[in-house]
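The whole structure should be built from the sequences, with the hints applied where relevant.
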Amino acid sequence: MNKLKPLAKSLLHSRLTFSLVILLIVVVQNIITTPTFFNISITNGLISGYIPDILDEASLLVIVTMGMTLVIAATGGVDISVGAIMAIAASFCGLLLNGPEYRTDVFHSPYLLALLVGLLGGALCGAFNGFLVSGLKIQPMIATLILFTAGRSIAKQITHGQTIYIMNPVFKWLGVQIPGIPIRTTIIVSTVIVIIVALLTRLTSLGLYVQSVGINGSSSRLVGLNSRAVKFMAFVICGVLAGVAGLVGSSSLGSVNSGELGLGLEMDAILAVALGGNMLGGGKFSIAGSVIGAYTIQAITTTLYAMNVRADQLNVFKAIIIIIIIVASSDVFKEKIRKLTRGVFGKNVSIGG
Amino acid sequence: MDRIKQKQNNPSLMMRGIGKSFPGVRALNNVDFKLRRGEIHALMGENGAGKSTLVKVLTGVYPMDEGSVSLDGNQVVIRSTQDAQKLGISTVYQEVNLCWNLTVAENLFLGREPRKMGFIDWKQMNRMAAELLQELNISADPTAQLDSYSIAIQQMIAIARAVNTDCEFLILDEPTSSLDADEVKKLFSLMRQLSENGVGIVFITHFLEQVYEICHRITVLRNGELVGEYEVENLPRLELVTKMMGKEIENLSDLNVNMDESRFEGEQPVVEAIELSSGASRIAPFDLKMYKGEVVGLGGLLGSGRSELVRAIYGADKAVQGQLYIMGKKSRIRNPLDAMKKGMAYLPEDRKAEGIFADLSVRENIIIALQAKHGILKRLSRKDMERYADEYIKLLNIKTPGIETPIKSLSGGNQQKVILARWLLTNPEFMILDEPTRGIDVGTKTEIQKLILKLAGEGKSVAFISSELDEMLRTCSRMVVMRDRRKVGELTRAGLNQSTIMRTIAGREDGNE
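Chains as they are written, first to last, in the working numbering: chain A, 138 to 490; chain B, 65 to 577.
Take these hints with a grain of salt, some might be off.
Stated by the list, open to error - For each label pair, taking beta carbons as the anchor points, the in silico distance ranges come out as:
#1 GLY503/B x ILE461/A: 39 to 47 Å
#2 GLY182/B x ILE283/A: 35 to 43 Å
#3 GLU195/B x ILE279/A: 36 to 44 Å
Calculated directly from the structure, the hints in this document are not laboratory data.
Cβ coordinates follow ideal geometry from the N, Cα and C atoms, glycine included.
Written out as C-alpha cells, the structure is:
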C-alpha cells in the first residue's frame, strides 16, 4: 500500500498517462473488432498490416507534431501554417525536379538538391513566422495565419497553378519505398525525425531553453537567455520539419498538389500535442507524449475507417473524442477525480500547497 | 453639503480591531483605521505592513477574520466590492482599470449608460460626461478614445468615474507612481477639489514629499499592526520614517564587519557607474563605485529607486545614459547576458515573477544561469549538473525532497536559496541581491546574512538591498541612500547608524538637501 501511493500519485499527475489510456482503449477496441489487428504480412516486398499502416499513415502527423511541440512550448501559441508550409516546400522541390513540365519522368535537377531547396523553403517560412512572433511580437496564431491563408496560393504560383506529376520512380523513395528495404520509408523518416528532435533537445540545451522561455520570460531574460532567439529557433525548426513532411507527403502521392497536401494537418498536430499531455500555455513539454498523441489520433482515425465510418462522418466522431479528451483533462474534472480518489488512496494524493 | 460639514469632524468610516490571516501569515492584527469625510489620509508602511490587505478588506475583496466596520456610527457589513460601492467606497488602482479602446464618455458610464427606449442615448451620455469632466476640471474630450490621453489623465478619468457613482470615500492606491511632477500637480488639485466637496480620500504612496504636500492625516502600519494615527503637522518626516521602519534594532556586534574606510583608496573599483540612468525607471543619473570584498547596502523606502539603480547596472533595464566601468574597463551592457559575462549576478526582488521557473526542477533552476552563460551548444553533462545541484543543496542547506523536485513545491526560503545557488554557481565577482530575505523565515534570513559576509570575505563585491534596516546595518560596510528616485547620500562605516540613515532617508527638513 505504501508503495502504491506514490505510484498512484504520479499516475494521477502525469498527463502522459491520459493519452496512453486513450491509445490503449483504441488498441483494445481494435483487437475485439478486428481479429487480424496484429497480423503482419509481406506484400510486394513491403511489411504490411494494421499496425504498419497506422505507423505509415501517422508519419506526416508525427513529423509536423515534433515542430508544433517546440513552438507551443516556447511561445504558448500555435503555428497554424504548417500545412501550407508543407505545400510550399513540396512545390519548390517539384519545380526543381520537373522544370517547366507538368508531367515528366526526367529529373531536371539533382534529386538531393531539390530536397534541400524544399527544406530551405520550409526554413524560410519558419523564419518568417519566427520574425513576426519574436521580432514584431505578434501573437503566434495571428502571425501564422498569414501563411495559413497565403501559403497554398504561393505554392500554386510556384507550380504554375497546376498539380504536377513527378513520374521518376526515384521520387517515390522518400514516401513509399527504397528498393530492397521492406519497411515503408515514411516510417523510417518519421522515426529518424523523432530521434533527431529528441537528441536535439537532450544533447543541446534547446529543451531547457525552450521550457524556460515558455515558463517564465522575465526570469529567462535575467538569467541571460535570449527568449526572442529561442522562439525564433522554434519556428524555424517547425518550418523545416513541415518541409520534411511536405516532401515525404508529395513523394507518397507521386505528385505535388498544393491545394490538398497537408490540408488540415495543423489542427491534428495541435491536438496531438495536447493529447500528449503538453501544456498548451507553454513551458514543460514531452517529445514522447507528442509522439504518442500523434499515433493515438491516427489510430482513432484508422479505427473509425475500419468500423466503416465514412470520411464525411469522420470529423463528427473526432469531435466527440476531442470533447471527451478536453473535459477529462480539464482542471475542474481532475479536481473531482482527485476528491473521489482521495477516499481511496488516503489524504495526501495531491501535492503542492 | 450641510450634512457633510456637520459630520466632518467625526470619523465617518471606522474600522475597528481588524484582523486577517492568510495561511502562515498574520497580515493584519487588531488594526483600527478612521477616515473622515473631506480629509486626505495617507496610509503608510513598508512592504508587508498590511496596507493593501487593509484596503482590500475595506473594499470587500477579502473577508476579514475579526473586527468591524461602521459608517456614521452604524455597523455595516462589506462582503463584496459591490457592497463597498453601495456604501460609496471606491478604489482607483495604480494600473488604470479602464478600457483603452473606448471613448472617455463610454469609460465614464460603462455599465450604467443613460438609455432611451432601450438604446444607449449617446448624446445624453456625452453631455453628462462633458459636465462631469468640467466639474472636476479635467481637460478631456468625452468623444476621444481613452488611450489618446496620458496616464495621468486616464487616472483622473478613473477617479471621475469612481466619484460619479456617489462616491463618498475614495481609495487611491499609488496613483502617482508613474506620473511626472506636472501630472502629479494636476492630480493633486483634483484631489483637493474632491476633499473640499466632502469626499474622504485614502492616499497610498511611497513618496514622502507628496504626503506632506497634500495629506491631513497619516496612519502608519508596520508588520500588520497599527503604529498610530497622526496629524501631518505633528509628525516630522524623520519620525514618520522611524515609525515606518521600526525602532527595535539590535546592536551589531554579533556579526563583525571590520571596515577601515581608507582601505579602498587607490584601489580599482570592480564596478563603477558614472551618471548612469535607465530609460524605463525614471531614476536620476547616479554615480556608484563598488570595491572588491565589500558589501554595499542600498537603503531607502520602497519605491525610492533602489531596485531601479541595480537593474540599470545589470542591464535588466536598458541604460540610456552614462557609463559603466568594470575593473576599470569601459563596458557596454546591453542585456543581462552581457552583465553575466562580465562577472555580475542579479537576484531579483520578485522571486515568483522574475526568479524561479516554477515547473522546472531544483537542478534545472540551479544550473540555468551557468548553462545560459555556456550557450546552447555546450550543454553541461547530466553528471555535472547533478554534482553542482548536490553541492549547492548541501552548501546552502536547501531543504528539498530531491534534485528533480519542481521548485514550486519548495518553501519560499528554500526557493530563494536555490536562486542564490544559481548565481553562486556562475562564480560572479559582483553580486546584486535585491531583497534576498523578504518573506522567508528567520533562520534562513540569518543564514543568508552570514553567506553575504562570507562572500565579501572571499573577495566578492555585493550590493545588498533590504527593507530591514537592522539587517543592512549588520552586513554592510557602506550604504547608498535613495529617496524619491534619486541617490541622496552615501554613508560610510563611521556614519552608519540608525539615526543618520533615517535622517538621510527622510531628507529635507533635517537639512539634508
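Cross-check of the supplied hints:
The supplied range of 39 to 47 Å is met by GLY503/B and ILE461/A, whose beta-carbon atoms lie about 42 Å from each other. Checked against the hint of 35 to 43 Å, the pair GLY182/B and ILE283/A passes, with Cβ atoms roughly 41 Å apart. Between GLU195/B and ILE279/A the C-beta distance comes to about 41 Å, which sits within the given range of 36 to 44 Å.
In terms of the numbered hints stated before, the structure departs from none.
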